[in-house]
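Which chain is which? The protein sequence lines are Y and X, in order.
With my numbering, the residue at position 1 of the first sequence is 1, and numbering never jumps.
Position in the second sequence counted from 1, then plus 1000, gives you my numbering.
You may find that some hints are simply not true.
What the hints assert, rightly or not - Covered stretches of chain X (chain Y as the covering partner; in silico rule of three or more C-beta atoms under 8 Å from a C-beta of chain Y):
(1) 1151-1157
(2) 1164-1178
Unchecked claim - Pair ranges (Cβ atoms, derived):
(3) X:Gly-1172 with Y:Ser-129: 11 to 21 Å
(4) Y:Glu-75 with X:Ala-1181: 21 to 31 Å
(5) X:Ser-1129 with Y:Gly-142: 31 to 41 Å
(6) X:Gly-1110 with Y:Pro-24: 17 to 27 Å
(7) Y:Ala-118 with X:Asp-1029: 38 to 48 Å
(8) X:Thr-1134 with Y:Ala-73: 41 to 51 Å
(9) X:Ala-1010 with Y:Asn-76: 58 to 68 Å
(10) Y:Asn-66 with X:Thr-1134: 39 to 49 Å
(11) X:Thr-1050 with Y:Gly-110: 31 to 41 Å
(12) Y:Gln-87 with X:Thr-1134: 28 to 38 Å
(13) X:Gly-1172 with Y:Arg-133: 18 to 28 Å
(14) X:Gly-1074 with Y:Gln-87: 33 to 43 Å
(15) X:Glu-1111 with Y:Ala-118: 37 to 47 Å
Hints in this document: simulated from the structure, not taken from any laboratory.
Note that the Cβ used here is the ideal one computed from N, Cα and C, for glycine as well.
Number of protein chains: 2
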Amino acid sequence: MRADARDNRARILTAADEVFGQSPHASTDAVAKLAGVGIATVFRHFPTKTDLLEAVLTQRLERLRNQALTLAAGENAGRAFYTFFSQVVVESSAKLAIGDALTSAGIAAGEDARKAAAGLREAFGSLLSEAQRTGAVRGDAGLPEVYALLIGASRGATTRNVDPEVRNRMLGLVYAGLRPAA
Amino acid sequence: MRADARDNRARILTAADEVFGQSPHASTDAVAKLAGVGIATVFRHFPTKTDLLEAVLTQRLERLRNQALTLAAGENAGRAFYTFFSQVVVESSAKLAIGDALTSAGIAAGEDARKAAAGLREAFGSLLSEAQRTGAVRGDAGLPEVYALLIGASRGATTRNVDPEVRNRMLGLVYAGLRPAA
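Only chain Y is shown next, with the shape it has when bound in the complex (with noise of 0.2 Å):
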């Protein structure tokens, strides 16, 4: 790809990720429009929409598995398992779509998201083992009830009416039961 189709794919993907988080029922031409490049130019490179919204749900995917590597070979694995863990949920909370990615990714999702979503699972895997490490949460819990937790805490953000002092009253009780027992 040359470097200016390049620079047009990102582009529309950062456009299409605003425009799509606001709501996955956007036209495409919205997301020219904010990329500031012709519709043409979108379906040259995404052509269809379904290819567009994955490729925006395998982007992000993939941009919170980096970051959860990051963190857990950081130095305080700990504090950065439950700020990752906050972040996620806060996340889905703002985009609903986050929350369908995580749930929907192995169902309706292509096979580049089905990647990207195993790939973030992995990754929260081993942030969670260094958190696990460092003592702050409990060594009894394993990855399958601790992601299964993430999922249903960030549907549990994205209910209505779920206002951001009520969810973090809801993460608080979450984390009590992810740290060790006194």
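For chain Y, the structure is supplied; the task is to place chain X on it using the hints.
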């Protein structure tokens, strides 16, 4: 309503709960067959499929509300609280519709279902208060966040690939957070 008409209505609702519990996309015809009544009888009681779905939803929410109220007035409200929490989550797992009912009742559903959802929340609040009074649930947990957690756990448990064992371990983490600090 005459006794035989009431009878038919109840049978249709029971059949609809079963059929739509399997799939909300099932046909009204399948409901009539299971109920052993003609399709015309179904439409006489429920002019549209939406009416029928809402009646099923309302009935489920009311049943859960009554159960929560009974448990709140019972002997061991502490244990009952956790049993009820698990039951709602397990039912969500088996029948996606309950989870959707809880989260979307206020948006898409009509007046009846909305009232029933509000009634369930209130009854769950009574059960929570009683469980807190007995010391089984930490006293600083408010209804909004505990309810968000209930909805979240239900959604987390309906995710594909969450097997019953993982769901139970996830609930173990949730309950560890709800119990008073040692």
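When the hints from earlier in the document are held up against this structure, which numbers fail? Hint check: nothing fails, all pass.
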